[in-house]
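Just so you know, the sequences run in chain order A and B.
By the numbering used here, the letter at position 78 of the first sequence is numbered 78, and the numbering carries on one by one without gaps.
By the numbering used here, the letter at position 89 of the second sequence is numbered 89, and the numbering carries on one by one without gaps.
Careful: at least some of the hints might be erroneous.
Said to hold, decoys possible - Which chain B residues face chain A? A few, computed with CB under 7 Å, are given here:
(1) G42
(2) Y48
(3) N52
(4) F96
(5) G108
As the list claims (entries may be wrong) - For the chain B half of the interface with chain A, some residues (derived, Cβ under 10 Å), not all of them:
(6) Q41
(7) F45
(8) F65
(9) V115
Honestly, the hints are just simulated from the structure, not real lab data.
Each residue gets a CB set at the ideal place from its N, CA and C atoms; glycine is no exception.
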Amino acid sequence: AQSVTQLDSQVPVFEEAPVELRCNYSSSVSVYLFWYVQYPNQGLQLLLKYLSGSTLVKGINGFEAEFNKSQTSFHLRKPSVHISDTAEYFCAVSGLRISSGSARQLTFGSGTQLTVLP
Amino acid sequence: GAGVSQSPSNKVTEKGKDVELRCDPISGHTALYWYRQSLGQGLEFLIYFQGNSAPDKSGLPSDRFSAERTGGSVSTLTIQRTQQEDSAVYLCASSFDPGQGAGGYTFGSGTRLTVV
Chain A
1 AQSVTQLDSQ
11 VPVFEEAPVE
21 LRCNYSSSVS
31 VYLFWYVQYP
41 NQGLQLLLKY
51 LSGSTLVKGI
61 NGFEAEFNKS
71 QTSFHLRKPS
81 VHISDTAEYF
91 CAVSGLRISS
101 GSARQLTFGS
111 GTQLTVLP
Chain B
1 GAGVSQSPSN
11 KVTEKGKDVE
21 LRCDPISGHT
31 ALYWYRQSLG
41 QGLEFLIYFQ
51 GNSAPDKSGL
61 PSDRFSAERT
71 GGSVSTLTIQ
81 RTQQEDSAVY
91 LCASSFDPGQ
101 GAGGYTFGSG
111 TRLTVV
């Protein structure tokens with residue numbers, strides 16, 4: 001079984017400031033990691049994913065995330081945010097093993113509402 | 001189509017009525033998922049379809065909820081005798097599976113269900 005904890009439910013930040021959205025996970029198996037973004041009244045859009053290899057993953061819209069296995073974290077960062085980045089951000093995990101039931105679904109965190117202030 | 005299509009986008013229903021929510025996945029995606037997003041909460045897994053295999057129904061909250069997927073494509077989520085606590089956004093997603101771990105899901109825009 002897996003679980004995901006997003007430590008901050010709301011993050012307000014001024015435009016052009018840096019931001020970090022925190023995500024920690026727990027799992028008994030190796031995992032894939034994802035960040036999704038949800039703009040108001042829309043579905044979820046994949047921002048980036050970690051599958052293997054380099055622990056620093058770059059995604060769309062200037063976001064990046066770093067996988068830290070020892071700390072079981074996958075924090076999302078952006079060096080300079082824009083008003084248009086205001087949205088809800090979800091961290092998610094899935095198990096690696098296709099034959100495992102845990103690989104069949106994503107487990108999501110409860111989300112972090114990022115609000116960029118002018 | 002190019003994306004996952006869900007209909008209707010909004011549904012208001014009276015308590016006790018049945019509702020059907022529809023999902024058209026991306027053509028060729030063998031895996032289809034339903035999630036529920038309640039106000040201020042994360043996404044709750046409901047059900048998973050993979051090809052012709054028996055669906056994983058472990059997330060369905062009660063026997064009032066059921067889903068089917070016809071011909072390995074379109075899926076319908078049915079909620080019988082709706083209750084106010086069923087009010088939520090119901091999201092459908094599809095992916096290549098066993099490739100789902102590599103690509104993540106593609107989500108539809110959801111159906112916002114309001115039970116009054």
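Results for each hint:
Against a cut-off of 7 Å between C-beta atoms, the interface hint on G42(B) holds, since the closest Cβ of chain A lies about 4 Å away. For Y48(B), the interface hint holds, since its Cβ comes within 7 Å of a Cβ in chain A; the closest pair sits about 5 Å apart. With 7 Å as the threshold, the beta carbon of N52(B) stays out of range of chain A, its nearest partner Cβ sitting at about 15 Å, so the hint is violated. Interface hint at F96(B): violated, since its Cβ lies 11 Å from the closest Cβ of chain A, which is beyond the 7 Å cut-off.
The interface hint given for G108(B) is met, as the beta carbon of that residue sits about 5 Å from the closest beta carbon of chain A, less than 7 Å. Interface restraint check for Q41(B): the shortest CB-CB distance to chain A comes to about 6 Å, inside 10 Å, so the restraint holds. Interface restraint check for F45(B): the shortest CB-CB distance to chain A comes to about 5 Å, inside 10 Å, so the restraint holds. Annotation: F65(B) was flagged as interfacial toward chain A, and the flag is violated, the nearest CB pair being 16 Å apart, outside 10 Å.
Given hint, V115(B) at the interface with chain A, is violated; its Cβ is 19 Å from that chain's nearest Cβ, farther than 10 Å.
Checked against the numbered hints given earlier, this structure breaks hints 3, 4, 8, 9; the rest are met.
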